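Trainee: Please arrange chain X on chain G, whose structure you already have, making use of the hints.
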Amino acid sequence: MGLTEEQVLPLFQGNIIHLAKLCLKYIQQPAVEARKLFIIKKLMSNLTLLYVSARDRHMAENEISLWKNPLDSFVLALNQQLVSFEMASEGWRHIIGDSVPYSDLVGFVSSSVSANLLVLLFSEILVEDLTKMHAHKTGISHLHSVFHEHVYVSAMAVMNFNLQSLVESTSLDGSVEGQEIFRCVGAWISYTSMAANGPQGRMDLSETFDLLVKLMCWQQADTEFPYASVIIKIFGDVFANDPTMVNFDLRCHIEEIFLGASKGRMTTNNGHAWMLRYMNHLVVNEFYEELKDLALCVVDFLQVGTLDLCNKLFTIASDADMNALDQYIKVLLQMTNFSLVPVLQEFFSVRMVDFWLDLCDGYNNLVGEIIKPNGSELAASIFVQVVEIYLSKMGLLNKQKILHSDDDKTMIHEFDDFRNAILDLMESMWSVLGNDKLTDVLVASIGQLSPTSTADMFQVEAMCLALNKLMGDMTISECPWICDTLGSKDTFLHNVIFLVQMGCDQKTTQDVVVQTLSTDFVKTGTQLLGTIADFFCQDSKQLGTCIDALFRCLEGCSNMNECDTKVELLLIKCITTLCDTCRHQLKPYLPNFIEVQRLMVEGKSQVSDFTKQKFTRSLGYIIQCNATDGPEVQGQYVLQVFEAILQGINQAPENRDHVLPLLICLSELGTALITPEDFDDETYLAQLPKFREYWTTDPLQIRVKIKALLDFTFSRYSRDSELIEVDCLIFGKALELPDEDPHFLRYDMHEIMHFLMTRSSGCEPSTGLPYIIYLLEKVVNHYKASLTPQDFDFMLSKFFLERHFAIVMADPDLTQLMVNFVNSILDSKPAIALNSSHFSSFLVPEFLKLLPAKERFTIGAVTKFWTKLVNNKKFSRQDEITTRECIMSLGPQLTFTTISALFHTQRSDLNYYADVLRVLVARYGLQFRQWITQALPQICDNGPAHQLLIEKLFVTRGSRAAANAILEWWLSCHNLPQLSPGQ
Amino acid sequence: MSASGYYELYRRSTVGATLVDALDALISDGRIEASLAMRVLDTFDRVVAEALKDKTEAKLTFKGHLHTYRFCDDVWTFIIENCSVKVDQTDDIKGNNLVVDKLRIVACNSKKTGE
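So the protein sequences, as listed, match chains G and X.
Under our numbering, the first residue of the first sequence carries the number 1, and numbering increases by one thereafter.
Under our numbering, the first residue of the second sequence carries the number 1, and numbering increases by one thereafter.
These are computed hints drawn from the structure, not numbers from a lab.
Everything numeric in this text was worked out from a predicted model, so none of it was measured.
Any given hint might turn out to be false.
[As the list claims (entries may be wrong)] Anything over 12 Å on all C-beta distances counts as not near chain X; from chain G, calculated:
id, residue
1, Ser-111
2, Met-809
3, Ser-908
[As the list claims (entries may be wrong)] Straight line, CA to CA, 20 Å or less: simulated PhoX-like cross-link-like pairs of lysine-lysine:
id, chain 1, residue 1, chain 2, residue 2
4, G, Lys-36, G, Lys-21
5, G, Lys-874, G, Lys-778
6, G, Lys-409, X, Lys-55
7, G, Lys-409, X, Lys-59
8, G, Lys-437, G, Lys-489
9, G, Lys-25, G, Lys-42
10, X, Lys-53, G, Lys-409
11, G, Lys-873, G, Lys-829
12, G, Lys-214, G, Lys-233
Just so it is clear, CB atoms sit at the ideal spot from N, CA and C, and this is done for glycine as well.
Looking at chain G on its own, in the form it has when it is part of the complex:
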């Protein structure tokens, strides 16, 4: 704050006189003067600030430096009726330095409600302001020790006196004063927690906590709990943030109050009668917010001692009374199984997920040798009960109740989060329970049910959801025993499929709640089927039933509403996963798949475009692995699919929205026909040369036919960028594959270049050219070994410099596209760019001109070009010689242009230019000193900053720290402050 000792004293005197005046008026007429309370609060804040200044260690010793206790000064000023400077009859030294004895302090706060309120208020403001200051003011730890020694004593006396009065009172007190006590206590708890790490030790609040516990349990009649909710909130904050503030004995006492049992004292005294009454009061009156606060407080409290409980329960290190612990666990399980709807009405089960997760992780982390002989059985018996409770809690029956009661989606999201948290808990409990007590039990339970109602299906759904999580972490193909379990009961899969079917049957209803739940049914069922897809590879006898059911469900989808569309997406995702994983097993169904696909791509089909595309991909997976009968059969299948697509397009070629998705289907087929890396079918590998030969010669002319189709659609939609994108995807499909991999879309370079030039000449450059250039980059990358500088010149001319030059230079996106194309060449084979005729005639001069561009895209691309040109690991020896000659002749101009552009750019773009300067310093250090020394004075007149920049650049030698030196120079030249740290 920078106040001197001479300034602090008069400010203090003026401030406290004014404060005393207003407070005395308030004490006399609290109702009339209440509106001035905000001024009083501000004056109290000012006093706090002055107190901090007065306690500044660097301040010289004087009268104000003796000021140790603002609370006492405040009481003295009011006692003395200090309303003018002259009235400080006993001198300012008395107001500043004297202490107020306990009896006087208590006497003052007892004198009137308003006096009491003001003292509490000042006490609260003092600690609140100090807490705020602590966050950003260093060197005030000594203040905390003075505070501890003086203010703490007075404040505790006042607070505890007030709390004790409430404890002893016989009537309810909901007054402003009553509320102020708890606010003051809350502020002191925060402050004490924050200032705990000082040399003076922690300020002890035990007496206050003790009184708070008494007040919490204070009851006027069976139905009146005047202070419980506010105190539970206070304790909730303490247990969440700094639970050790409450001493061990009091924690044991609180444990007995909350749970009726204490693991600390090993007692079971049924002392939680109050808690049961209070919970009953909240439930009966539907005070769910208060019930939530209680749950948060209790579970935060429990989490303080999870590790201790874990050790007592499961390790040989403890000789705890197991009966007491049994009782303790029983209470916790009852609390978890709180008989209300989670999220909507109760939060115990929600918060207890974290507790059980901690306990479970604690058990999993125990070393085997220290676990009790019956430790694992005990853990299993506890967690089996937890599983049972949560399977019921996570059921969609509860979601149904929430949906019926709440229009706001927040609670639904919270319930979904709760389900996800339970799944994480299940995953952790699996480590304790293993497959035999968890996975197998879930599979068996799903199989044992004979669901006849929605309520039964809620159970199936919850178990499927849990199973899906557990199975997701397993490699089913390597777990034969899991496959045995899954295959042991046909009813298991039957019920999972039934879950999907029931969801699909219910989706047509108009009831939004039923729609939401039916989507959840389908989601859980299809996800589980997808997760256990590997099982069908081992045991495929039910795969057909499963696929048939999914097809039937898909058949019932018509995209009539949002729910229907979601269900269709879930079904097709499941089918795609099954086809991908079980492609071998599904070969017999290939003719049916082809027929279904033919119907899907017809003009009158109602299935979504996404489904058409994913289904074609699914079909492609099966065709891909159909190698046993040789490439001719595969070729026939591909032709059939293509002809179905062609026929579909020919039904409505004028309908662009019909043509586009069908072309995407073709691209999806191409993707599916890529052989997976881990594909180890020996029949296929043995026939690989035949496949290669077949697709090279392409006897069915599939490639020609596809090209003809694409040319046909291009002739109709040449300006449509989305069609160009799909065309490019189809033409470039095989470019990322090794040359030896057979593929029906393997066009040669000549065909692709011809295709690209046709598209380039006919397209709308601003939207179509990016896709064309993207494919061109892939061509360059694939054929880089055979490309020459002349090829590069040709590409640059045809795609950028001839037809589209004007628009490329005018449109920053296209400019960036061109520069990035050149950059991609510098990344893959720089020699073809360096030795091209366009390099010196176009690239160097034009890209130099682009350096001072205003658009960030252009700056980013062009600075990358210069960075790669100056320093490139892909350079050969010859490339190095070529670029060195270029940079040596261009150095002064490049340096000047870069620095000039940097000077005129905005702060957020500095790093782009800094990168160029960094590589120049690193690679051409000797020459760069001369270039930059010449360049800087031409930019602006700031000699010292220029000199400092040069020195720093050479000290940092191109490291990241150089960027900071450049920022400092830029700030200095523009007279701007450093607003962000470490740019």
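Mentor: Frame of chain G; chain X shown alone:
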């Protein structure tokens, strides 16, 4: 940590950097003092932190191999390799995954000192 007790790290985000550029322009034109720019940025730090805490619903899940983890100066850093990232948008169930070679997560304590 800025004077207001909030992290300054969002100043390096696109929106933060753009705000800094705008403030630079205003200072250069003599329309505001540097001290006001500082106040604006302090407010920005607070508002971004609060908005991210209170007004975001999107969730991101990721799975991969933990390559590096460290906890230094109250900042956690995780580097995850071969990471599959999925942004859960409630209404988007197509749920396309994004696979990245390397994901770096920098996490700071959301609770300010004293909270």
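Trainee: Indicate, hint by hint, whether the structure satisfies it.
Mentor: Cross-check of the supplied hints:
Interface exclusion of Ser-111 of chain G from chain X stands, the closest Cβ pair being 34 Å apart, more than 12 Å. Listed as a non-interface residue, Met-809 of chain G keeps its Cβ farther than 12 Å from every Cβ of chain X; the least gap is roughly 25 Å. The beta carbon of Ser-908 of chain G is not kept farther than 12 Å from every beta carbon of chain X, the shortest such distance being approximately 4 Å. For the proposed pair Lys-36 of chain G and Lys-21 of chain G, the alpha carbon gap of about 11 Å is at most 20 Å, so the pair holds.
Proximity of Lys-874 of chain G to Lys-778 of chain G is assessed by CA-CA distance (about 18 Å); at most 20 Å being required, the pair is judged to hold. About 14 Å separates the Cα atoms of Lys-409 of chain G and Lys-55 of chain X, which keeps this hinted pair within 20 Å; it holds. Among the hinted pairs, Lys-409 of chain G with Lys-59 of chain X is consistent with the structure: their alpha-carbon atoms are about 15 Å apart, no more than 20 Å. Simply put, Lys-437 of chain G and Lys-489 of chain G have alpha-carbon atoms about 17 Å apart, close enough for the 20 Å limit, and the pair holds.
Between Lys-25 of chain G and Lys-42 of chain G the CA atoms are separated by roughly 16 Å; this keeps the pair inside 20 Å, and the hint holds. A C-alpha spacing of about 18 Å is found between Lys-53 of chain X and Lys-409 of chain G, which places the hinted pair at or below 20 Å, so the restraint holds. Taking the CA atoms of Lys-873 of chain G and Lys-829 of chain G, the gap is about 11 Å. The hint holds against a cut of 20 Å. Our distance criterion of 20 Å between C-alpha atoms is met by Lys-214 of chain G and Lys-233 of chain G, whose separation comes to about 15 Å.
When the structure is compared with the earlier hints, a violation turns up for hint 3 alone.
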